[in-house]
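First to last, the sequence lines map onto chains B and C.
Here this note's numbering is used: the first residue of the first sequence is 74, the next is one more, and so on.
Here this note's numbering is used: the first residue of the second sequence is 199, the next is one more, and so on.
Hints may be right or wrong, so weigh each one.
For each label pair, taking beta carbons as the anchor points, the in silico distance ranges come out as [claimed, not checked]:
#, chain 1, residue 1, chain 2, residue 2, range
1, C, S259, B, Q388, 30 to 40 Å
2, C, S259, B, D352, 19 to 29 Å
3, B, Q152, C, E307, 18 to 28 Å
4, C, G292, B, A302, 29 to 39 Å
Mimicking DMTMM-like on lysine to aspartate or glutamate, the simulated pairs with C-alpha atoms at most 20 Å apart in a straight line are [claimed, not checked]:
#, chain 1, residue 1, chain 2, residue 2
5, B, K378, B, E239
6, C, K233, B, E120
7, B, K351, B, E304
8, B, K435, B, D354
9, B, K308, B, D329
10, B, K118, C, E316
Hints are computed from structural coordinates only; laboratory data are not their basis.
Glycine is no exception: its CB is placed at the ideal position from the N, C-alpha and C atoms.
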Amino acid sequence: MTLKNKVAIVGADETDEIGFVPNMTPIMMHAQAARNALRDAGIAKSEVDGVFTCGVGPMASTQLCEYLGIIPKYTDSTQIGGSSFVVHVEHAAAAIAAGICNVALITHGETGASGRLRRGPRGMGGMFDASMPSAQFEMPFGVGGPPGVYSMCAMRHMHQYGTTSEHLAEIAVATRKWAQLNPRAFMRDPLTIDDVLSSRYVAYPFHIYDCCLVTDAGGAIVVVGADRAREMKKKPVWVLGSGEASTHQSILGMPDITQTPARYSGKAAFEMAGVTHKDIDVVEVYDSFTYTALVTLEELGFCEKGEGGPFVSGQRTAPGGDFPMNTNGGGLSYTHPGMYGMFILIEAVRQLRGECGERQVKDAKLALVNGTGGMLSATGTLILGTD
Amino acid sequence: MTTEMQKPIPYPSPETQPFWDGCKRHELTLPYCTKCDAFFFYPRQFCPTCFSWDIEWRQCSGKGTLHTFAIQYRPQMPGFTPPYITAVVQLDEGPRMMTNLVGIEPMPENVYCDMRVEVQWEDVNDEITLPLFKPAAS
């Protein structure tokens, strides 16, 4: 496939003022330039489904999508300095040619001249920029890291759907049982529901065993085209379906605090693969917290919304249960270096290749992988399979 | 007071200044989209729903419900002494905002979702006043 003649630039404009504009922050400039360019094109913001940007925080595209009120199908925060916005055009072309998105919006905004006059901390590509929404409307109230945010999401879920600490503990215990079958797992001691419930709180309603490990770890995956893949010695693990979505950057931007974007990325992955939930043999989902795994199962559609607690009860996700999940021992008991997604991918590949020894899921042919990033902000879902 | 000084404080930007000015007056003033006929939060110069840039600032009642919360047993930010309650309040006017629930012992048995709350102002310095919330007087 070639990108030639696949796309055209149909709108282009700048912010109303350029030069010295001390009354605007970088993110305000992104928004105003976006409005002007879309107006130039005669395209509504609601049609934008691909967003390409950088320079507004370490998760620039997610931040900008929240700010503009866009739920994208494709985002790209590629940050390579001055050439970023040039390559964004090519990335957008590839995405559109591949049918991933239809209307790509590329934005830029910087205050190199006046920015130094603004007060408050700045730097690290906007990570510490005091003008960003989170710095003004969350941090002053002592809201920062994932435990403090995920716990609030879990609390609302418990209130709204009757999810209990026991339900969450079921996941911690089942995942530990898988870790006990994995010699490389960091935590392999026996763990009971009572152990979890009697452990100390990190952020109520989360006990310490509701929270993932903090470890060192690294991993990698190699992906090749279909023809090449068939020449490999080991049996190929095919990408049968994929999906990506984000709904917010911080908790204040969540359309519904009890939901995650996995409802979008999962739906897309299932549709592409053309399989149903019952076809999936093994499930590897991000478990930064017990709650992350529970809500993800709901959002992916393995059970009805709000039924995640009953669904995982009776050690259903443990070895020997009828829903094998997080078979390496998960972020809760295997390893969790910070961005854990690589390791659910690796475990899915190993299961599909039949390399998992004692913890091998029998006849595993279809695996679902769901990674979650940020504050339940962004998800990617893959459905992988063997011939 | 030393720990109080270390807490992160908001630095208003041009699009949020009217909100923080309102807080200074002890008035909860939010952006209002005249096209959607609805409040929204956090402040932008435009409505994140319909992308209208026709925005007004209107005062809210300062009353709402505790949409969700957590009791933080580890400090998530400098200057906070655990345990403290982080809270998402759903204002009666619609939008949700992050805050701290104060005026109540931070114990699991005391706090529950959807309890009625009302704003309590905390003057941080000459410029910044934070909208905290407390259980509503019944």
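Quick rundown of the hints versus the structure:
| no. | hint | in the structure |
| --- | --- | --- |
| 1 | C:S259 to B:Q388: 30 to 40 Å | violated, 48 Å |
| 2 | C:S259 to B:D352: 19 to 29 Å | violated, 52 Å |
| 3 | B:Q152 to C:E307: 18 to 28 Å | violated, 47 Å |
| 4 | C:G292 to B:A302: 29 to 39 Å | violated, 51 Å |
| 5 | B:K378 to B:E239 | holds, 18 Å |
| 6 | C:K233 to B:E120 | holds, 19 Å |
| 7 | B:K351 to B:E304 | violated, 31 Å |
| 8 | B:K435 to B:D354 | holds, 9 Å |
| 9 | B:K308 to B:D329 | violated, 41 Å |
| 10 | B:K118 to C:E316 | violated, 36 Å |
Checked against the numbered hints given earlier, this structure breaks hints 1, 2, 3, 4, 7, 9 and 10; the rest are met.
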